[in-house]
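Order-wise, the sequence lines are chains A and B.
Note that the numbering used here gives residue 221 to position 221 of the first sequence, counting from 1, and the numbers run on in steps of one.
Basically the numbering used here = 1-based index in the second sequence + 1000.
Note that these hints are calculated values from the structure, not bench results.
Note that CB positions come from ideal geometry on N, CA and C, so glycine has one too.
Heads up, a few of these hints could be off.
[What the hints assert, rightly or not] Partial chain B-side listing against chain A, Cβ under 7 angstroms, derived:
#1 Y1084
#2 L1088
#3 V1092
#4 G1096
#5 S1143
#6 L1260
#7 F1262
#8 I1266
#9 R1270
[Stated by the list, open to error] Rough simulated footprint, nothing fancy, chain B against chain A, three-plus residues with beta-carbon under 8 angstroms:
#10 103-113
#11 280-286
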Amino acid sequence: VSRLVGTAAFGLVVLALAVVPSVTGQHLTALIGRFLIFALLAVSLDLLWGYAGQLSLGHAAFFGLGAYAAGLVLVGGGGVARSALAIGLAVTVPAAAALVMGYLLFRGGVGGVYFAIVTLLVSLLLEQLAITWSGFTGGINGLFGMAPVDLGVVTIGSLRSAYYLILFVTVGAFLASRWLTRTPFGRALTAIRSHEHRAHSLGLSVVTLKTVVFTVSCGLAGLAGFLYVPLERFVYPTQLGLVASTSVVVWVVIGGRGTLVGPVLGAVVVEYLASALSGRLQGYWMLVIGLFLVAVVMLRPGGLYSVLTAGWERGRALVGAEGDWRRA
Amino acid sequence: MGITILNGLMLASTLALVAIGLAIIFGLLRVVNLAHGELFIIGGYTVFAVQSAGGSVWLGVALAPLVVGAIGALLDRGLLRHLYDRPLDTLVATWGLSIALREILKLAFGADTKNVPVPLAGRVDLFGIAYPSYRLLLIGASSAVLVGVLLLFARTPFGAKVKAVVQNRDMAEAMGIDSHRIDALVFAIGAALAGLAGALMAPLLGLRAEVGLFFLARSFLVVIVGGVGSLLGTVGGAAVIGGGEAGISYFTRPVLAQSLLFLLAIVLIRLRPQGLFTRGEAR
């Protein structure tokens, strides 16, 4: 029954998202489009952290690499071939970077906290490099004036078409990720998270699995970065940086690690609150985020998802008790 | 060239001072303190606060380790000890603390850059190079403190107790050592060293809340390159990273120098996972 409820709820949400551009204005459509991109980015980190137990503190670096790769291709002009190249590079550049890094680090036995720190440094350095290397990246001003993405059948020229592209890709990537977590590969990842040495002694090639999931995760992050280009028509250095990377960690923690749905909720809730409150809270917003991060980790490590499922179970227990009473 | 060597020596010795605090907390308590950069910069802001209240820079430098050490002990007792058995969660919690401390600093001191005057003007003639006296003092003071710290952990009863707690907490407790007190002290010492480093460096830095992050990043490179669990290794790592940065910066821009060093560090991790200066098993 709960599976049926889940599928129905998912269908309803997708349906509701599909009618957004028709019933709301430009501003809200762009906002929800951005939330969807963030949700995809959160899902990509959840695969790596929530399932395989490898925390990337610099995930925005891979998101930004995807955005810059696509942006740099499309700045030179549009067309089907260039658009295909933009999508391809947006996924493969961050994925290849992750493959090389993952091989070097995981083979060297660097996991856990070390991995988190190294990824943090990647994000910190890439932002500085993007600012410094201005001839290539546009420096602090970033990249703009990208040609619209041309998919052959449609050209993503309007906000409306960009929104549908984002919705299509995000929903597809979410379903693919969910499928992935239920395959033997996904279960092997969970085994690594819960006990790495045991997983190794059971014959799982831990190094390869970790490298693969890091590569997949960063490819997805790059895909999210690509989606940012048709929506915002703008790529800038802070997208690669630590503040952005921190946001991803915040979404996943607050949503609930290892649940996929939780991080999606986390991204939407946190970013909605940010857009609604940060104007009023000004400098206090990041302070609140920082303290909230500490509080969730200490008091409710399961995040929003665990709060919701606990509430759902309690509600079902009540209804179930009533059902028993009727049958009796 | 000579001035590059002296600058490298200065960068290495101060970096060792920041990193050794991190290494102590990491190596002994197994806590990755991502708020270490903020503890460092709070040291700097302490000097600024004392100096703008009419006190001397030296008074600020003396107070900074006490202030930051106390903050460290409070954080450990109040928050982090509840997370000792969840390393990745400690990481996230200290990251949250790092963000929060950064924002508190911005609210307290403003987001603009604050400057602290150099308390020791003048230059010293050294092998034909006129080198600023304060920088020379930094090299001397950092080296002296480092030697003191190494001796504290290697040669004193306190150091022996710390080792006992690290090796076997329950057994140490059974021998009458208050392991929680040791934890708090170790954390306080690590934090105090960060504060001292920040205070000493303050006259050379433009004080901004974000500066701490760059020192956190460098310190981690130092600890990883030097090898975890060896304080002497940390000093060696600082020599490599600090000297390397000064050397490469001689030829190119600092950002590129840092990126190059970072790439080198990653390759180095692959080749020598246990660090350059320690023997023993890979982590």
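List of violated hint numbers, smallest to largest: 1, 5, 6
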